[in-house]
Each structure stands twice: as structure tokens, then as C-alpha cells.
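Q: Heads up: the sequence lines are chains U and Z, in that order. In terms of our numbering, the first sequence opens at residue 1 and continues consecutively. In terms of our numbering, the second sequence opens at residue 1 and continues consecutively.
None of the hints are false.
Derived lysine to any residue pairs resembling SDA-like cross-links, with alpha carbons at most 20 Å apart:
#1 Z:K190 - U:G410
#2 Z:K190 - U:A406
#3 Z:K114 - U:T378
#4 Z:K190 - U:L404
#5 Z:K74 - U:A482
No wet-lab data here; the hints were simulated from the structure.
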Amino acid sequence: MNNAAQMIPQAADYIRLLPEIVLSVFGMVIILLDPLLDERRSQRTLGTIALIGSLGALIATLFQANYPGSGFWNMIQVDAFSIFFHFLIAAVTAIVILTSYEYMEVQEIRAGEYYGLILLGAVGMSLMSSAVELVLIFIALEISSISTYILAGFRRRAAISSEASVKYFLLGSFATAFFLYGVALMFGATGSTSIKDIAIVLRSGQVPPLAYVGVALMFVGLAFKVAAAPFHVWTPDVYEGAPSPVVGFMSTAPKAAVFAVLLRLMFEARAPGRIWLIWVVAALSMTIGNLGALVQDNVKRLLAYSSIAHAGYLLVAFAALPDNGIPAAMFYTASYAAMNVGAFAVVSHFGSAGERYVTLEDYSGLGNRSPVLAAILTIFLLSLIGIPITGGFFAKFYVFSAALQANLVGLVIIGVLNSAIAAYYYLRIIVVMYMREPREEEVPVSPVPAGLGVALAISVVATIYLGILPGRVLEYAGRTAAEWMH
Amino acid sequence: MNYALDNWILTLVTFIPLAGGILLILFPRRDRDIRLFALVVSLLDFVLSLHLPVHFQCAQAGFQYEVNHPWIAKPNIHYHMGADGISTWLVVLTTFLTPLCVLISWKSIHDRVKEFFVLLLILETALIGVFISLDLFLFYFFWEATLIPMALIIGMYGHGRRVYAAVKFFLYTMIASMFMLAAILWLYAKTGTFDFTAIQGAIRNGQLENFSVAAPWLFLGFFIAFAVKVPLFPVHTWLPDAHVEAPTAGSVLLAGVLLKMGTYGMLRFNLGLFPEQSRSNAPWIMVLALIGIIYGALVAMVQPNMKKLIAYSSISHLGFVVLGIFSFTPLGLDGATFVMLAHGVSTGALFMLAGILYERRHTYEISEFGGLATPMPIYAAFFLFIVLSSIGLPLLNGFIGEFLVLSGTFGARPIYAILGATGVIWSACYLLWMYQRVFFGKVKHAVNETLPDLSGREKAALWPAAAAALVMGVAPLLWLNAIDPSVQAALAPFTQLASKVMGR
Numbered sequence: 001m002n003n004a005a006q007m008i009p010q011a012a013d014y015i016r017l018l019p020e021i022v023l024s025v026f027g028m029v030i031i032l033l034d035p036l037l038d039e040r041r042s043q044r045t046l047g048t049i050a051l052i053g054s055l056g057a058l059i060a061t062l063f064q065a066n067y068p069g070s071g072f073w074n075m076i077q078v079d080a081f082s083i084f085f086h087f088l089i090a091a092v093t094a095i096v097i098l099t100s101y102e103y104m105e106v107q108e109i110r111a112g113e114y115y116g117l118i119l120l121g122a123v124g125m126s127l128m129s130s131a132v133e134l135v136l137i138f139i140a141l142e143i144s145s146i147s148t149y150i151l152a153g154f155r156r157r158a159a160i161s162s163e164a165s166v167k168y169f170l171l172g173s174f175a176t177a178f179f180l181y182g183v184a185l186m187f188g189a190t191g192s193t194s195i196k197d198i199a200i201v202l203r204s205g206q207v208p209p210l211a212y213v214g215v216a217l218m219f220v221g222l223a224f225k226v227a228a229a230p231f232h233v234w235t236p237d238v239y240e241g242a243p244s245p246v247v248g249f250m251s252t253a254p255k256a257a258v259f260a261v262l263l264r265l266m267f268e269a270r271a272p273g274r275i276w277l278i279w280v281v282a283a284l285s286m287t288i289g290n291l292g293a294l295v296q297d298n299v300k301r302l303l304a305y306s307s308i309a310h311a312g313y314l315l316v317a318f319a320a321l322p323d324n325g326i327p328a329a330m331f332y333t334a335s336y337a338a339m340n341v342g343a344f345a346v347v348s349h350f351g352s353a354g355e356r357y358v359t360l361e362d363y364s365g366l367g368n369r370s371p372v373l374a375a376i377l378t379i380f381l382l383s384l385i386g387i388p389i390t391g392g393f394f395a396k397f398y399v400f401s402a403a404l405q406a407n408l409v410g411l412v413i414i415g416v417l418n419s420a421i422a423a424y425y426y427l428r429i430i431v432v433m434y435m436r437e438p439r440e441e442e443v444p445v446s447p448v449p450a451g452l453g454v455a456l457a458i459s460v461v462a463t464i465y466l467g468i469l470p471g472r473v474l475e476y477a478g479r480t481a482a483e484w485m486h
Numbered sequence: 001m002n003y004a005l006d007n008w009i010l011t012l013v014t015f016i017p018l019a020g021g022i023l024l025i026l027f028p029r030r031d032r033d034i035r036l037f038a039l040v041v042s043l044l045d046f047v048l049s050l051h052l053p054v055h056f057q058c059a060q061a062g063f064q065y066e067v068n069h070p071w072i073a074k075p076n077i078h079y080h081m082g083a084d085g086i087s088t089w090l091v092v093l094t095t096f097l098t099p100l101c102v103l104i105s106w107k108s109i110h111d112r113v114k115e116f117f118v119l120l121l122i123l124e125t126a127l128i129g130v131f132i133s134l135d136l137f138l139f140y141f142f143w144e145a146t147l148i149p150m151a152l153i154i155g156m157y158g159h160g161r162r163v164y165a166a167v168k169f170f171l172y173t174m175i176a177s178m179f180m181l182a183a184i185l186w187l188y189a190k191t192g193t194f195d196f197t198a199i200q201g202a203i204r205n206g207q208l209e210n211f212s213v214a215a216p217w218l219f220l221g222f223f224i225a226f227a228v229k230v231p232l233f234p235v236h237t238w239l240p241d242a243h244v245e246a247p248t249a250g251s252v253l254l255a256g257v258l259l260k261m262g263t264y265g266m267l268r269f270n271l272g273l274f275p276e277q278s279r280s281n282a283p284w285i286m287v288l289a290l291i292g293i294i295y296g297a298l299v300a301m302v303q304p305n306m307k308k309l310i311a312y313s314s315i316s317h318l319g320f321v322v323l324g325i326f327s328f329t330p331l332g333l334d335g336a337t338f339v340m341l342a343h344g345v346s347t348g349a350l351f352m353l354a355g356i357l358y359e360r361r362h363t364y365e366i367s368e369f370g371g372l373a374t375p376m377p378i379y380a381a382f383f384l385f386i387v388l389s390s391i392g393l394p395l396l397n398g399f400i401g402e403f404l405v406l407s408g409t410f411g412a413r414p415i416y417a418i419l420g421a422t423g424v425i426w427s428a429c430y431l432l433w434m435y436q437r438v439f440f441g442k443v444k445h446a447v448n449e450t451l452p453d454l455s456g457r458e459k460a461a462l463w464p465a466a467a468a469a470l471v472m473g474v475a476p477l478l479w480l481n482a483i484d485p486s487v488q489a490a491l492a493p494f495t496q497l498a499s500k501v502m503g504r
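Turn these sequences into a full structure, and let the hints steer you where they fit.
A: The following block contains the structure:
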């Protein structure tokens with residue numbers, strides 16, 4: 001075989017990139033169609049095309065599962081791990097699109113670029129979970145980040161949204177620069193940007209000191225993206241300002257993708273100096289997130305701090321041994337995605353025009369006015385607390401037991417104490433919904449449209465499924481550890 | 001004899017209320033139908049649960065009607081349920097009280113009726129599950145699951161400071177049960193199983209490494225969770241708040257069943273898994289129980305609020321249960337189990353009676369009443385009967401249990417029994433004094449003159465309780481026959497322990 005033939009991608013290469021291709025095609029079709037459509041009708045049409053695109057990516061992922069292996073000259077890798085995250089990201093995207101139908105109409109936002117950007121963002125996130133080459137990972141990270149920067153500013157009439165967008169963009173670019181710097185140092189230390197080659201070098205014995213610095217810098221960049229303390233300061237402001245469905249999106253899908261990268265970096269590449277780095281950041285995130293959430297009166301800000309805390313719980317799994325830590329972390333991302341995207345769907349429906357109703361006080365008496373919505377939100381909140389029968393319980397359970405098996409008793413104690421603190425502020429929302437009289441001025445609750453109903457139903461079913469029959473998902477996640485480590 | 005139903009009965013009894021609750025969600029909001037449906041479901045469950053004691057093989061020690069299926073592979077969790085004599089009767093107590101709760105809430109709950117009965121039925125499922133789970137994880141699962149419906153019932157349907165009471169209840173029990181979860185996880189980490197009997201076996205055979213170092217802490221982990229639930233002095237402060245603010249049905253189930261989760265847990269897990277630690281910790285636990293008995297009674301005496309009085313009397317009565325359990329004598333444990341059942345029936349009935357009065361006058365203040373025997377003679381008769389059963393009049397249910405506890409304790413530690421016996425006197429004081437202030441004399445407030453007596457529905461709720469109080473007092477062997485073998489089995493390691501000590 002000559003060199004030229006080697007440079008031509010094979011059919012299998014395209015299959016291994018199929019979900020990303022589907023998403024990009026649909027995303028670009030939407031952006032191109034947008035100016036051609038009548039503004040009134042475009043909302044529904046474009047939304048539906050986006051939905052079909054995300055479902056197409058879902059199907060492509062399932063199809064792709066039959067063709068594991070690496071593609072494009074070992075730049076991407078299709079394995080159980082990437083399938084898991086592709087599926088998760090496509091599912092979250094579909095749910096967010098369903099949630100956005102109503103939101104876009106109520107907020108009177110033009111739909112075109114919005115749906116396009118969500119799909120293109122999903123391209124980046126999917127790619128992050130299958131990329132096994134640091135530069136490609138960086139490109140994927142940028143694709144996903146730039147989409148979310150713009151999406152955060154989509155409530156054009158609200159100053160707070162533009163502020164969120166700019167803040168997110170400035171701090172985010174700063175963080176990506178850190179990541180890129182880390183990649184460069186890693187290359188300098190090991191002579192390669194391929195995860196597999198790096199793993200071979202790092203495993204062979206002497207770890208070059210530069211590698212430690214590289215790992216630390218990459219970790220800073222990624223920790224920013226998952227809103228882990230002390231790189232979390234942007235989170236409350238951005239979550240408060242950005243449109244609620246977008247917050248639901250960016251608190252789950254990109255986070256899952258970044259955690260996927262972290263998993264590859266920490267476990268597949270066997271990054272050195274992992275445990276103490278993670279230990280400190282996990283403990284800080286849990287504590288700062290929960291303490292911050294205690295004093296919030298705005299539900300979006302409260303959930304922002306809660307997501308900082310959850311990033312902390314999740315990071316605990318990274319300090320554990322790979323055999324338990326990897327599946328625990330993957331299970332956590334899945335169940336966190338299910339409950340958080342659902343919670344934000346309720347928040348975005350309830351916020352109504354201009355997101356006026358987002359304070360705790362606005363939720364008072366919701367149990368009376370809209371029993372179904374209140375009950376659904378309660379399920380998500382209980383799952384966020386970590387009460388049995390919900391996915392949140394097993395998520396914490398696996399993470400903490402993985403950490404215990406690695407003898408990280410101190411970290412587990414911090415985590416358990418934090419879970420106890422967290423119960424308080426989630427309960428506050430439940431208490432307000434069910435046990436407070438509604439305030440004088442009636443806050444209107446519009447009926448739940450079909451799209452949102454489906455989105456909520458999927459999230460509830462997923463949350464409870466993971467809480468009652470976690471076995472299958474965990475078993476699937478467990479294959480990764482086997483693939484990487486043996 | 002083997003019945004086809006034996007393999008299914010525990011699953012059916014546990015999940016019928018839940019299934020009913022889920023069906024109820026789909027019901028249209030016609031309050032009457034909802035109430036009727038809830039009543040039918042809970043009665044059906046009661047009838048089914050009677051299968052347990054009727055076909056219970058008293059001669060057989062160990063768990064019966066067992067079901068054991070793998071549920072989750074990792075961690076190794078099984079759907080493992082089984083009932084011995086103790087849990088059988090606690091299950092029946094639960095299914096017995098729930099229909100009464102439905103009846104007593106018929107009118108007093110008029111807002112958000114559907115949600116109320118859904119929560120009530122979910123609560124029933126969780127309570128039953130706690131008593132028959134033989135997998136520690138499953139047990140914890142049900143244990144936590146009782147928390148949410150109960151807190152919501154208190155917080156949504158309660159009186160004045162209901163939110164405060166609900167949150168306090170939730171946080172107290174939730175934080176305490178985290179210690180239990182930690183202990184359960186430790187056991188799982190060392191044994192690789194959550195199965196109660198397997199863990200028990202591993203501990204008895206000394207197969208666990210570092211067990212002797214960890215055991216005191218594990219014992220405490222379980223004990224803290226149970227002590228808060230009981231509630232034992234000094235972690236009892238959530239109880240009066242929760243009771244006073246809870247709606248009647250909430251109080252009935254709280255006092256009748258929820259508190260027994262704590263004492264049941266001590267009996268099953270503290271004694272069952274950690275006999276040596278139970279023995280070495282018994283002195284201070286018994287002191288706390290005694291403080292509970294006397295302190296609860298004394299505080300009950302001065303309560304101006306009827307419901308608070310009954311709440312403190314519960315602390316006092318549950319003190320007897322703990323005293324009996326940690327006496328490690330067959331009589332004491334038999335008595336403790338019997339007090340659990342008797343207290344469930346009579347205190348449940350007392351709360352129903354208080355609730356009936358509240359429906360009419362919207363107050364629990366004793367000073368608001370007086371001379372009620374004149375306008376409400378039938379009510380007064382029921383009240384007296386239940387008060388007497390609660391005090392422990394011979395031939396009624398309260399007497400048997402307390403007598404057994406005290407005689408068992410006397411055998412082990414006489415001084416504790418003597419002090420505990422004063423509790424019986426105190427209970428006569430506060431209950432009879434309350435009765436006198438509420439029912440005797442002239443009608444003090446004009447509004448009370450025209451209070452209607454019991455309605456047919458209210459009688460229907462009270463008769464079963466009164467009948468049970470009488471039958472339990474006259475024929476306690478119906479219950480003790482099933483309870484005693486289980487108690488003997490629970491005490492087996494203790495007699496070995498004692499002989500070991502003697503042998504030295």
C-alpha cells in the first residue's frame with residue numbers, strides 16, 4: 001500500500017464519525033434554511049428538523065456500536081466508552097430541543113441559529129468523547145465551547161444574558177488557553193499527542209516532570225468547563241443569565257463530554273499526580289457549591305451552585321481506582337444529566353415570558369397550582385439530594401463506594417457531610433412548593449405543551465430507571481474499564 | 001402446609017398500596033371516589049396481610065414466606081424479604097391502622113385530597129417494606145422511603161407550624177440514617193453482600209477482618225439512626241413538634257408505626273448483628289430508656305395541649321420497649337414486642353380521638369374543654385376505654401406488654417425495673433388527669449354544649465381499635481405464640497454469650 005492510499009479515509013472511518021456527520025449536516029441545513037422560511041412558521045419547522053437531527057445522531061450511535069475500532073489514523077476511537085457518551089449527548093440534545101419549542105415561542109426568540117448552534121455544539125461534545133488525540137480534543141472542545149458561548153447570550157433583550165455570554169466567553173477562552181498550553185507541554189514531555197502513545201511513555205517508568213505540569217494545566221482548563229471549584233466563579237452568573245433550556249443543556253451535555261475527556265486523560269493516558277489534584281478540587285467543589293447554594297433565593301443560581309457541588313461529587317470518582325472509578329463516574333454523568341436537564345425543563349417552563357418567575361418565592365404554592373409539574377420537579381430534586389429509588393442515589397453510592405475501596409476515607413466523609421448539607425437547600429424548594437401559601441399576586445402557570453411533556457417524561461423515566469435498575473447502565477460503563485486497563 | 005400464595009404474599013402485601021396509590025394518581029378529582037378507593041385498597045391489603053399470622057408456623061424459628069431474587073448485580077443487592085413472628089405482627093399493625101387512617105381523614109382532609117391519599121398509600125408500602133426486608137440495602141431503601149411521604153403529609157396538611165415540624169422531622173431522621181448507611185456500607189465492603197442472614201453468619205463465625213475494632217462504631221451507626229426514630233432521650237425533640245402539627249392520620253401512623261421502625265431496628269439489627277456490643281452498651285442505653293420513661297411522663301403531665309401530651313406519653317411508652325429489648329431476657333423482648341403492638345393500637349386510637357375533637361373545635365388545648373361527657377357520651381366512653389388500655393389496666397392490651405417488660409427487666413437488673421415501674425404510675429396520673437379535665441364537671445365553654453357525638457364513620461374507625469385493645473388484653477397468646485420463638489432465636493447468641501462468661 002502506498003502513502004497516498006493511506007491518506008484516503010475508508011468507509012469505516014466515516015462510520016466511526018457518523019453521529020458527528022449527521023449532527024453537522026442537520027445543523028448546517030437549519031442555518032441555511034432559516035432565512036428562507038417565514039418567521040412565524042420557522043420555529044416549529046426548524047425545531048422539528050433539529051429534533052430529527054438529534055434522533056438521527058442517536059440512531060447513528062447505535063449503528064456505530066457494531067463497528068468498534070479506531071478511525072482517521074487513530075485520531076478517534078469508537079469503543080463502549082464513546083458510544084456511552086454519544087448516546088447520552090444525543091439524548092440530552094433531543095430533550096433540550098423538545099424543551100426549547102415552547103421556550104422560543106414564549107420568549108419570542110428567533111429560532112434559526114439557536115437550533116443550529118445546539119446541534120453544532122453537540123458535534124463538538126460528541127467528538128470530545130471519541131477523540132483520542134489531544135489536538136483533536138482541543139478542536140472539539142472549541143467547537144462545543146463557542147456554540148455555548150453564543151447560546152448563553154440568546155436572550156438578546158435581557159442585559160443579564162449578554163453579560164453572561166461575554167463573561168463566559170472571556171473566562172472560557174482563558175481556560176481553553178490553559179488546556180492548550182498543557183497539551184503543548186505534554187507533547188514536549190512525551191513526544192506525542194496521542195493518548196495511547198502518551199500512556200505507553202508514562203507507563204514505561206520515569207515520568208518526566210514536565211508531564212506533571214502538563215497534566216495540571218490541562219486539568220485547570222477542563223475543571224473550568226465542568227465548573228469545579230476554584231474555577232467556578234463564572235457559573236452562577238452565567239446560569240442566571242443564559243436561557244433556561246440552554247442552562248439545562250450546558251450543565252449536562254458539555255460537562256459530560258469534558259468528563260469524558262478527563263476520564264481518557266486521567267485513566268486511559270494514566271496521567272501522573274492524579275489523586276491529590278483531584279482530591280483538593282473535589283473537596284473544594286463540594287463544599288463551596290453546597291455552602292453557596294444555601295443562601296440563594298434564585299432557583300437558577302441555586303441550581304448553578306448545586307451543579308458545582310455535583311461536579312465535586314463526580315470528581316471523587318476520579319480519585320478512585322480505575323476499575324470502580326470509571327464506571328462510577330460514567331454512571332454519575334448519566335444520572336446527573338437525566339435529573340438536571342429535567343429540572344431545568346421545569347424551570348424554563350415555569351419562568352414564562354422574560355423568565356420573570358425564577359425566585360424561590362415564585363414557586364410558593366406550586367404544588368397547588370400545578371400538581372403534576374411540582375411532583376415532577378420534586379422527583380428531580382429528590383434525585384439531586386440522593387434519595388433512594390432515584391438515579392442520584394446510586395450515582396452517589398457508586399462514587400463513594402469506589403472512593404472507599406481506594407481508601408479515600410477523608411474524601412468520602414467530606415462528601416457525605418456535603419450531601420447532608422445539600423439536602424437542606426433542595427428541600428427548601430420542595431417545602432416552598434408544597435407547604436407555603438402562594439403569595440398575593442398569582443403567578444400564572446400555563447399548561448404543559450406536548451413537546452415539554454415528552455421531555456419531562458423521558459427525564460423522569462430515566463431518573464427512576466437508573467434508581468431502580470442501575471445494573472445495565474453500570475455494567476455497560478464497566479466495559480470501559482476492562483477495555484482500557486487490561 | 002404450603003400455599004401457592006406463600007411465595008407471593010409479602011410482595012403483594014407490600015406493593016398493593018403502592019399500586020393503589022399509582023392508580024389513584026390517574027383518578028379524576030372526585031373526592032368521594034378517591035376516599036372510597038383508598039379505603040378499599042387499604043382494606044384489601046389488611047385482609048391479605050392476615051394470611052401472614054394465620055398461616056404462620058409458630059413451631060418454626062427463622063424467617064417464613066421468604067422471597068429472594070437478585071435485583072442489582074453490582075452492588076450485590078437482592079430483593080430478599082421474609083417475616084418472623086415479630087415482623088409479621090408489625091406488618092399487620094400497619095395494615096390494620098391504615099384503613100382507620102383513611103376513615104379518620106375522610107372529612108378532615110378536604111383540600112388536595114388526591115395527593116393526601118396517594119401519599120398515605122405510598123407511606124404504607126414503605127412501612128411494610130421496612131419490617132420485612134432481609135437485605136440491608138432494601139431495608140435502607142424502604143427506611144428512607146418512609147421519610148418523604150411522611151414529611152409531606154405533615155408539611156402539607158398539618159397545622160400552624162407545619163413547615164418547621166416537617167423539615168425538622170426530615171433532617172433529624174435523614175442525618176441520623178446516614179450513620180446507618182455508613183455502617184451498612186462498611187459491612188458490605190467487608191462481606192460483599194447486603195444479605196442480613198449472610199452478614200449475621202459471617203459476624204458470628206468471626207470471618208470479618210478488623211471487626212472487633214469497627215464493631216463498636218458499627219453498632220453506634222445503626223443505633224443512632226434507630227434512637228432518633230424511637231425517639232430516645234435526648235434526640236426526641238422532633239417528635240412533639242411533628243405530632244402536634246401533623247394531621248390526625250399522620251400522627252396515627254407516626255406514633256403507631258413509624259416509631260416502631262426504630263425499636264424494630266434495634267431488635268433486629270443491633271441485637272441481631274452485634275450481640276456483644278449490645279451487651280456492653282446496654283447499661284447506658286437502659287439509663288436513657290429510663291430517662292425517657294420518666295421524663296416523658298413528667299413532661300406529659302404538664303402539657304396544656306392534648307396532642308403534645310399524647311406525644312410525650314409515646315416517648316414514655318417507647319422507653320419501655322427499649323428497656324425490654326436491652327434486658328436480653330425472653331420475657332423482656334416478648335414484652336417489648338407486645339408493647340410495640342399495643343402502643344400502636346391504643347396511641348393510634350388516642351390520636352384519632354384527639355383528631356375527632358379537633359375537627360369539631362379546631363383546638364387541642366385541654367383548657368378549651370371540660371364536661372364533654374355531657375354532650376358527647378359515646379365519645380367519652382371510647383376515650384375512657386382507650387385511656388385505660390394505654391395506662392395498662394389488666395385485661396387490656398397495655399398491661400400485658402408493660403408487665404412482661406418489667407418482669408423481664410427485673411430478672412436482669414432489678415433497680416431498672418423498679419424505676420421503670422414508676423412510669424406506669426405516672427401514665428395513670430397524666431392520662432386520667434387529662435381525662436378528668438376534658439370530660440368531667442360542668443361544660444365550661446358554651447360552644448362545647450352543642451358538640452355532636454360520634455358519627456357512624458368515626459365509630460367505624462374507633463371500634464376496631466377498641467376491639468383490638470380488648471382482644472390483645474384477654475388473649476395475648478394469640479400474638480405471643482408467634483413472637484416468642486422469634487425472640488428466642490434473637491436471644492440465642494446472648495445465652496451463649498452468658499454461658500461463655502460464666503464458663504470463665
